[in-house]
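Participant: Read off the chains here:
Protein chains: 2
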Amino acid sequence: MNSKLETQVKNICQQARAASLSLATLPTASKDNFLINLAKRLQESEATIIAENAKDLQAATESGLSQAMVERLMLNSARIQAMAEGVLAVAALADPVGEQIEQLQPPRGFDLRKVRVPIGVIGIIYESRPNVTIDCAILCLKSGNACILRGGREAFHSNRCLGAIIKQTLVESGIDPFAVQLIPTTERAALGVLLQQDDTVRCIIPRGGEGLIRFVVEHSRIPVIKHYTGVCSVYVDAAADPHKAESIVLNAKCQRPSVCNAAENLLIHADAAALLPRLAKALYDRGVELRVDAHAAAILGGSGVPYGAATEADWSTEYNDLIISIAIVADTPSAIAFINRHGSGHSDAIVTEDPAAAQAFLAGVDASTVYHNASTRFTDGFEFGMGAEIGISTDRLHARGPMGLRELCTYKFVVHGRGEIRE
Amino acid sequence: MNSKLETQVKNICQQARAASLSLATLPTASKDNFLINLAKRLQESEATIIAENAKDLQAATESGLSQAMVERLMLNSARIQAMAEGVLAVAALADPVGEQIEQLQPPRGFDLRKVRVPIGVIGIIYESRPNVTIDCAILCLKSGNACILRGGREAFHSNRCLGAIIKQTLVESGIDPFAVQLIPTTERAALGVLLQQDDTVRCIIPRGGEGLIRFVVEHSRIPVIKHYTGVCSVYVDAAADPHKAESIVLNAKCQRPSVCNAAENLLIHADAAALLPRLAKALYDRGVELRVDAHAAAILGGSGVPYGAATEADWSTEYNDLIISIAIVADTPSAIAFINRHGSGHSDAIVTEDPAAAQAFLAGVDASTVYHNASTRFTDGFEFGMGAEIGISTDRLHARGPMGLRELCTYKFVVHGRGEIRE
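Note that the protein sequences, when read in sequence, are chains A and B. Numbers 1 to 423, taken from our numbering, label the letters of the first sequence in order. Numbers 1 to 423, taken from our numbering, label the letters of the second sequence in order.
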């Protein structure tokens with residue numbers, strides 16, 4: 001361990017902790033003033049941002065990064081404008097800090113309330129897209145949290161430039177400049193040190209590929225909120241409306257196959273198996289590859305729609321692509337058991353006109369979001385009306401599903417007494 | 001690694017996961033029926049429990065365990081009766097599962113609710129007192145969770161006996177017997193395996209000494225909810241009512257000094273320093289040792305009350321004993337900064353008649369519970385009206401402060417649509 005690096009990271013964490021204590025009681029107007037200033041600074045700094053981003057793009061091209069990755073990395077005028085608009089949108093959201101969550105009824109009768117407060121210091125580990133730097137900084141700041149950002153090597157210059165703009169705006173807005181800090185190196189050892197600072201950093205949010213997330217979980221002494229995979233299913237029940245079934249299956253699979261809330265598995269009740277040829281053709285016509293179980297293969301045999309055989313691994317695979325696995329199930333309990341066995345607990349849907357089947361599915365499927373007659377594609381902070389999203393948790397503790405400003409908070413119990421003592 | 005042990009622990013976890021899926025939709029009446037049967041079984045099994053407990057007591061005495069530890073380990077008729085009554089009290093509590101937490105307003109207008117559901121499988125690692133086995137089992141079951149219990153070596157026979165009674169009662173109540181399981185060995189390697197099973201176990205709650213808790217945090221891949229230390233402070237403000245100050249300080253320090261919500265530090269505003277001699281004498285008269293800063297020493301000099309000098313380490317020490325550290329602070333912001341620096345974020349109180357000072361303290365102190373004119377001793381699930389408590393969290397994520405049945409739950413988003421798809 002490089003002890004200079006260790007000291008540097010520890011200092012960042014201690015400065016963030018100190019900043020978090022002042023952020024916790026910062027008035028909403030001060031936070032919103034910072035956000036409005038930041039939006040302006042981003043627009044004014046367009047040329048500088050694009051110039052710094054160009055260095056990352058060149059390095060990415062030279063190191064042979066895929067075209068898709070380079071595209072994700074790229075910042076242009078439109079994207080910088082979108083960032084600035086995103087900052088103003090967060091300024092317009094309600095401040096979660098200080099909201100009363102619950103009033104309790106303690107037997108001794110003192111006034112006891114559960115009040116929303118910031119978590120403190122949040123560490124965010126991410127890859128690739130530099131706009132995540134702005135997103136995370138503004139969501140943490142609006143929720144009263146200090147943050148420590150550790151972006152990927154590939155966006156180093158872009159992130160450094162955005163970090164400097166944030167710092168300058170914090171200073172000119174009268175906020176502790178340590179409220180938002182970037183780890184100034186991409187050495188992995190620095191990440192290792194960060195993940196051990198559980199006396200100052202209260203939460204780690206990793207955003208990126210499964211390898212990065214598993215590394216963080218393995219090495220962190222700090223609680224982690226994470227998103228592993230999105231293996232989502234649509235179940236077409238015996239009592240499904242055929243039009244809703246087709247529309248929901250096509251939307252869940254095809255509207256944006258690369259995202260976590262797209263469907264990977266299609267389950268069909270044996271009594272609705274007659275719907276399969278039509279669903280299969282509609283999927284195939286949109287370019288979807290079909291991988292099916294033996295029962296589905298028997299039905300599709302004479303239909304003229306091409307398909308392959310699904311393997312056991314297919315049922316738990318997040319394709320992020322125009323591929324779908326299809327199984328025929330005996331009944332709703334079988335569909336529930338299938339999803340609880342193979343799914344990732346993200347988002348699963350039932351299509352049915354039978355309220356009892358819907359109720360059994362919604363109660364029995366162990367996922368962050370369960371849908372009755374709607375596409376899985378709605379699992380998203382904006383679509384849920386949260387106004388923002390820092391990620392989607394596939395964990396159970398603290399936050400599950402889309403995480404907005406409230407999910408970046410914890411609570412404290414506040415007691416107003418009249419001299420009460422315990423007997 | 002002993003691969004037989006590894007297989008055994010993994011099997012326990014997988015059986016618990018399967019049981020958790022059936023528990024999640026178990027009707028309240030079935031859970032309460034189990035609890036009522038368990039209370040009866042415990043009363044009927046008194047002789048057996050006492051005989052098994054005697055083996056642990058004998059081993060404890062032979063191995064030279066302290067008298068206090070032996071006392072904690074001991075089960076007698078009155079304690080078994082108290083256990084049975086505790087079980088009935090949990091049966092009488094409201095079922096948290098299925099409670100609607102929030103109705104959201106998604107822009108697309110589908111019906112979106114956040115509903116309380118069990119976490120799944122909870123692992124609880126604890127030491128010493130065998131009644132914890134019953135406590136944890138019933139709180140997890142009532143909240144719809146399967147649990148895996150790993151008690152201490154010193155209570156091995158008592159825990160095994162209680163585990164067998166729980167299992168028999170699960171079977172006769174028609175509930176999956178794997179809903180509550182004990183790790184059948186006290187080998188530390190088994191704990192190591194358990195802490196890696198993050199595909200089946202969703203939460204680990206360690207209850208015990210700081211050494212055990214640090215081991216669990218260090219080795220767990222599963223999210224941990226923990227209680228480190230209780231370094232609590234009482235701050236007597238310039239505008240304190242002297243009678244309330246004395247009553248609250250004495251209660252917070254002396255009523256039960258061995259517990260986590262007892263006070264360790266007394267801070268006094270410089271303008272209220274005249275109260276110090278009286279407070280010091282009252283504490284001393286109740287057998288409390290005083291460790292004071294230079295300013296307090298100057299005031300106490302001629303008072304005749306004995307005191308020693310506090311060291312830097314004293315301010316962050318949980319004495320669990322009749323010892324108190326006393327500092328004079330310049331003002332309320334200094335008191336807040338002192339507590340945020342030295343306290344453990346558990347419970348802190350201000351005594352004042354000044355609403356502005358109270359407000360600043362309640363907002364500025366970063367603790368699970370902040371008190372205005374009441375003793376810190378109330379931080380407790382029963383005193384908060386939760387009806388039960390599985391522990392007190394000093395973490396920020398998921399649960400902070402006393403944890404009752406609701407804190408043993410997570411939530412899911414439930415969507416009722418009319419065929420909505422994402423554009």
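It is possible that part of the hints are untrue.
Since copy identity is lost for identical chains, a pair holds within one copy or between any two.
Below, in silico cross-link-like pairs of lysine to any residue (SDA-like), each with a Cα-Cα straight-line distance of 25 angstroms or less [unchecked claim]:
{"id": "1", "residue 1": "4", "residue 2": "88"}
{"id": "2", "residue 1": "4", "residue 2": "322"}
{"id": "3", "residue 1": "281", "residue 2": "228"}
{"id": "4", "residue 1": "55", "residue 2": "302"}
{"id": "5", "residue 1": "114", "residue 2": "131"}
{"id": "6", "residue 1": "244", "residue 2": "70"}
{"id": "7", "residue 1": "114", "residue 2": "322"}
{"id": "8", "residue 1": "55", "residue 2": "304"}
{"id": "9", "residue 1": "10", "residue 2": "229"}
{"id": "10", "residue 1": "244", "residue 2": "312"}
{"id": "11", "residue 1": "55", "residue 2": "298"}
{"id": "12", "residue 1": "4", "residue 2": "93"}
{"id": "13", "residue 1": "10", "residue 2": "32"}
{"id": "14", "residue 1": "40", "residue 2": "221"}
{"id": "15", "residue 1": "40", "residue 2": "168"}
{"id": "16", "residue 1": "114", "residue 2": "15"}
{"id": "17", "residue 1": "244", "residue 2": "107"}
{"id": "18", "residue 1": "40", "residue 2": "295"}
{"id": "19", "residue 1": "114", "residue 2": "54"}
{"id": "20", "residue 1": "244", "residue 2": "18"}
{"id": "21", "residue 1": "55", "residue 2": "102"}
{"id": "22", "residue 1": "10", "residue 2": "271"}
{"id": "23", "residue 1": "10", "residue 2": "40"}
{"id": "24", "residue 1": "4", "residue 2": "156"}
{"id": "25", "residue 1": "55", "residue 2": "313"}
{"id": "26", "residue 1": "114", "residue 2": "78"}
{"id": "27", "residue 1": "167", "residue 2": "259"}
{"id": "28", "residue 1": "244", "residue 2": "354"}
{"id": "29", "residue 1": "244", "residue 2": "46"}
{"id": "30", "residue 1": "281", "residue 2": "37"}
Hints are computed from structural coordinates only; laboratory data are not their basis.
Participant: Evaluate each hint against the coordinates.
Facilitator: Against the structure, the hints:
no.: 1; hint: 4 / 88; result: neither (38 angstroms within a copy, 58 angstroms between copies)
no.: 2; hint: 4 / 322; result: neither (48 angstroms within a copy, 42 angstroms between copies)
no.: 3; hint: 281 / 228; result: neither (31 angstroms within a copy, 59 angstroms between copies)
no.: 4; hint: 55 / 302; result: neither (56 angstroms within a copy, 72 angstroms between copies)
no.: 5; hint: 114 / 131; result: neither (34 angstroms within a copy, 30 angstroms between copies)
no.: 6; hint: 244 / 70; result: neither (38 angstroms within a copy, 66 angstroms between copies)
no.: 7; hint: 114 / 322; result: neither (46 angstroms within a copy, 31 angstroms between copies)
no.: 8; hint: 55 / 304; result: neither (51 angstroms within a copy, 73 angstroms between copies)
no.: 9; hint: 10 / 229; result: between (32 angstroms within a copy, 22 angstroms between copies)
no.: 10; hint: 244 / 312; result: neither (28 angstroms within a copy, 68 angstroms between copies)
no.: 11; hint: 55 / 298; result: neither (55 angstroms within a copy, 64 angstroms between copies)
no.: 12; hint: 4 / 93; result: neither (41 angstroms within a copy, 55 angstroms between copies)
no.: 13; hint: 10 / 32; result: neither (29 angstroms within a copy, 50 angstroms between copies)
no.: 14; hint: 40 / 221; result: neither (38 angstroms within a copy, 42 angstroms between copies)
no.: 15; hint: 40 / 168; result: within (12 angstroms within a copy, 68 angstroms between copies)
no.: 16; hint: 114 / 15; result: neither (28 angstroms within a copy, 36 angstroms between copies)
no.: 17; hint: 244 / 107; result: between (52 angstroms within a copy, 20 angstroms between copies)
no.: 18; hint: 40 / 295; result: neither (60 angstroms within a copy, 51 angstroms between copies)
no.: 19; hint: 114 / 54; result: neither (48 angstroms within a copy, 44 angstroms between copies)
no.: 20; hint: 244 / 18; result: neither (54 angstroms within a copy, 32 angstroms between copies)
no.: 21; hint: 55 / 102; result: neither (50 angstroms within a copy, 47 angstroms between copies)
no.: 22; hint: 10 / 271; result: neither (61 angstroms within a copy, 37 angstroms between copies)
no.: 23; hint: 10 / 40; result: neither (32 angstroms within a copy, 55 angstroms between copies)
no.: 24; hint: 4 / 156; result: within (21 angstroms within a copy, 47 angstroms between copies)
no.: 25; hint: 55 / 313; result: neither (41 angstroms within a copy, 50 angstroms between copies)
no.: 26; hint: 114 / 78; result: neither (42 angstroms within a copy, 36 angstroms between copies)
no.: 27; hint: 167 / 259; result: neither (32 angstroms within a copy, 44 angstroms between copies)
no.: 28; hint: 244 / 354; result: within (13 angstroms within a copy, 62 angstroms between copies)
no.: 29; hint: 244 / 46; result: neither (45 angstroms within a copy, 60 angstroms between copies)
no.: 30; hint: 281 / 37; result: neither (53 angstroms within a copy, 56 angstroms between copies)
Checked against the numbered hints above, the structure violates hints 1, 2, 3, 4, 5, 6, 7, 8, 10, 11, 12, 13, 14, 16, 18, 19, 20, 21, 22, 23, 25, 26, 27, 29, 30; every other hint is satisfied.
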